[in-house]
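S.K.: Single-letter residue listing:
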Amino acid sequence: MRWRLIRARGLAFLLVLAAVISTASSASAVTTVESQVCDDFIAPTIVAPSDGTQTTENTAMIEGTGEPGKTVAVMKGGANQAVATVASDGSFGFTVTLADGDNTFIARETNECDTVKDSLPITIHADLPVPPVDEGEQPTEESPIIEQPGQLPTDRPNAGVVGRPFVPTPATPGFEKPKISAANDKLTVYNDTLLIEGRAQPGSLVTVYVNDQSQAQLFSSAKGTFQLRIVLKEGKNTIKVRSTLGKKSAVSDEVTVTYIRRVSATLTRPLAASQIITTAVTAGVAVTGSAVAAIGVNAGIHKFGGRFKFWWRK
Amino acid sequence: MKRLLLVGAALLAIAFVAVPAAYADTTDSTVYGSGNYGNCDYGACTITLSSGGATTLNVAPTPTGKCTVQSDTASVLTDNTVGYSLTMTTSTTNNAMTGASGSIAAASGTAASPVTLGMNKWGYRVDSLAGFGAGPTSSQNNGSVPSVSFAGVPASNQSPTKVASTSGPANPAATTTVWYGLCADSSVPSGGYSVTVTYTAVTN
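First to last, the sequence lines map onto chains C and L.
Using the numbering used here, the letters of the first sequence correspond one by one to residues 1 to 314.
Using the numbering used here, the letters of the second sequence correspond one by one to residues 1001 to 1204.
Treat the hints with care, as some may be off.
Incomplete in silico selection of chain L near chain C, CB under 10 Å [as the list claims (entries may be wrong)]:
hint	residue
1	1072
2	1190
3	1200
Just a sample of chain L residues kept apart from chain C, beta carbon distances all over 12 Å, derived [claimed, not checked]:
hint	residue
4	1116
5	1136
6	1191
It should be emphasised that the hints constitute simulated quantities derived from the structure, not laboratory data.
Small disclaimer: the values here were computed from a predicted structure and weren't measured.
For glycine and all other residues, C-beta sits at the position ideal for the given N, C-alpha and C.
Please take these sequences and the hints and turn them into a complete structure.
M.R.: Set out below in structure tokens:
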């Protein structure tokens, strides 16, 4: 209980007795405890070129394997050189530019839990003529592309860009329009990975869109070429690239590639042991027991009633 | 008649007012005296509470399991002379972390009797509170099972668990670090899981 003795305006002394029901004050706050549980994944591997490769070219095609569906970045000196989505067969590949001397690359995969896994590094030694290139500068982390004095360096390939929708922008007048050269329009393929090649403004950042969704980013070489492996979805795939250099950009014409998935026969009903008996290719010896799988072997023994018949595939 | 109305108004001044209704000074009156018979100073029986808003326990499980431990901070500010109590429950009657792919159950321990965090469980702990032990707890990502013990956060239809209390004012604000831990093995489907925890601070 609280009390106060007050003098109210216009009144004589007035005792105001304020009886207070002493209910407690309370306050609340909420916090969300959240967790992203991520599957473990295999670290990427660079399978080509091999460590210690020497070249006189100023580009190299990095080929590797990784976790299908994950985004993989190839890095040099801590800076991304290219990013792409690993294909369903676990492959990835794209060209990277080389500087004169040793160029050490790693492939890096990151999952939704920010778990990072790196490949073993590979070093490519490039013996480039002097001056290394005459078409333009190379986009290395030591010498970012400055198109004009005062202009910001070109952005680097960024894994966060993968999966973003294509946003049309007007082409910059006079800026070289990129072109997809290796994949023919209206092409039909039976693999979900496709190696595409193209041309773009030398040193520009090339973003590859498949079905209006970005799938990879890499630099165009000093000669204005790029090459990478993309992942196709079943059916029609529209492919285009955007080339960006500073504030200038241009988009290629679309190329349409249709991917038809091969259907392979699958044994859905296990054969009984009395129907097919498999064996290592050891003619004349009947294997008894419960072996049931016959797919993939080149020889076997069929049992017809009480007799065995040996067969082999030529 | 006017005098009668004034007398009536004076009698009505004996009012019953719930805390923290303020007895604000006005220019119309002069205070000749005041006192405190209870827990709050005049006009001071308020309490405020804030928390971090989100705690993330990402984990990339392996067959044998991985654990992540992170903390949240609850801050209470009150001038109440006899302090406050801070409790918490989950916001629903289900104290499991739920997601599209499944759920992760709360740890079985209590504040009085916490347990080592088991696989596919989540829990909380407050260093030096009740049976938790001194710790100190440290944050970790995708580590081994923590050596410190954890308890399950009670569901909203259970008795709230006390995580902090004082017997005096908390001004400046008193902070309580609440640690959350989660362990998961490969049997937990990948995806997002979450649970909302409600802290409640009440003046004593």
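S.K.: Each hint needs a verdict: does it hold in this structure or not?
M.R.: Evaluated hints:
This hint holds: residue 1072 of chain L has a C-beta 5 Å from the nearest C-beta of chain C, less than the 10 Å allowed. Using the Cβ-Cβ criterion of 10 Å, the hint placing residue 1190 of chain L at the interface with chain C is satisfied: the shortest such distance is roughly 5 Å. The interface hint given for residue 1200 of chain L is met, as the beta carbon of that residue sits about 5 Å from the closest beta carbon of chain C, less than 10 Å. With 12 Å as the threshold on Cβ separation, the claim that residue 1116 of chain L sits away from chain C holds: the shortest Cβ distance comes to roughly 19 Å.
With a cut of 12 Å on Cβ distances, residue 1136 of chain L stays outside the contact zone with chain C, its closest approach being about 20 Å. Distance to chain C contradicts residue 1191 of chain L as a non-interface residue, since its nearest Cβ pair spans about 6 Å, not more than 12 Å.
In the structure shown, a violation is registered for the earlier hint numbered 6 alone.
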